[in-house]
Amino acid sequence: DVKVTQSSRYLVKRTGEKVFLECVQDMDHENMFWYRQDPGLGLRLIYFSYDVKMKEKGDIPEGYSVSREKKERFSLILESASTNQTSMYLCASSFPGQGLNIQYFGAGTRLSVL
Amino acid sequence: AQKITQTQPGMFVQEKEAVTLDCTYDTSDQSYGLFWYKQPSSGEMIFLIYQGSYDEQNATEGRYSLNFQKARKSANLVISASQLGDSAMYFCAMRDYNAGNMLTFGGGTRLMVKP
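Chains A and B are the protein sequences, given in the same order.
Note that this note's numbering gives residue 27 to position 27 of the first sequence, counting from 1, and the numbers run on in steps of one.
Note that this note's numbering gives residue 97 to position 97 of the second sequence, counting from 1, and the numbers run on in steps of one.
Please note that the accuracy of each hint is not assured.
Said to hold, decoys possible - Pair ranges (Cβ atoms, derived):
| id | chain 1 | residue 1 | chain 2 | residue 2 | range |
| --- | --- | --- | --- | --- | --- |
| 1 | B | Arg63 | A | Glu69 | 40 to 48 Å |
| 2 | B | Thr20 | A | Leu41 | 21 to 29 Å |
| 3 | A | Lys18 | B | Ala71 | 46 to 54 Å |
| 4 | A | Leu114 | B | Gly10 | 28 to 36 Å |
| 5 | B | Ala71 | A | Glu22 | 40 to 48 Å |
| 6 | A | Glu17 | B | Tyr54 | 42 to 50 Å |
| 7 | B | Arg72 | A | Leu41 | 18 to 26 Å |
| 8 | B | Ile46 | A | Asp38 | 35 to 43 Å |
| 9 | A | Asp1 | B | Thr20 | 39 to 47 Å |
| 10 | A | Ser67 | B | Glu17 | 42 to 50 Å |
| 11 | A | Met88 | B | Lys73 | 38 to 46 Å |
Claimed, not checked - Derived coverage of chain A by chain B (criterion: at least 3 residues anywhere in the stretch with Cβ under 8 Å from a Cβ of chain B; other residues may be distant):
| id | stretch |
| --- | --- |
| 12 | 11-18 |
| 13 | 41-55 |
| 14 | 104-113 |
To be verified - With a straight-line cut-off of 27 Å between C-alpha atoms, the simulated BS3-like cross-links for lysine-lysine are:
| id | chain 1 | residue 1 | chain 2 | residue 2 |
| --- | --- | --- | --- | --- |
| 15 | B | Lys73 | B | Lys3 |
| 16 | A | Lys55 | A | Lys70 |
| 17 | B | Lys73 | A | Lys55 |
| 18 | A | Lys57 | B | Lys3 |
| 19 | A | Lys18 | A | Lys70 |
Since the hints were made in silico from the structure, they are not lab data.
Predicted model, so just to flag it, every value in this text is computed and none were measured.
Even glycine gets a Cβ: it sits at the ideal position worked out from N, Cα and C.
Given only the sequences and the hints, what does the whole structure look like? Please build it.
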């Protein structure tokens, strides 16, 4: 079974702190994604990566950065956390290409910024 | 830009009855894929069913079927014989193959199954 693991289920941080959210997948997927989920808005793409050291901005990249030094690991970084970044963060991975390339998701990290 | 609309923020269904969750999409492209995911309270997104834009038959996976009406740009999820474990958030998503293979999600529908 595909496994996407996010390092924390719940996280509480202070405004201005630097925050790292880690995601690891074990299926040798090229593509990895970070989403944030807010009620009524569904999932919105923050950043994605289609290869090691490659990254592309999604729909809402402001206030975030990412790092992908190894194929299996994709990190989301909040350089200076703000209260409007309180949200659920979901990591996903998939093979590239068209057709049924399912994105597999981690269990999510619920981040609260106080 | 692609857009996915789920017009039902919340729905109730009686156990063992069928339920339809609505999804409409907007795209100018001919090649795309439609996905449904389930998110139980545990938080993990679970893939349910997929429909390609060129697939002629409606997709089915066990108790899940996708009512795909291309001309109306709708991709409704039908769950037959609802079970208590079906209570969850359900998200419709579209992958536009001409837009970098990204998934665009709708706002979700919370389904609650009554015993």
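request  = List, from low to high, the hint numbers that the structure doesn't satisfy.
outcome  = 8, 9, 11, 12 and 17
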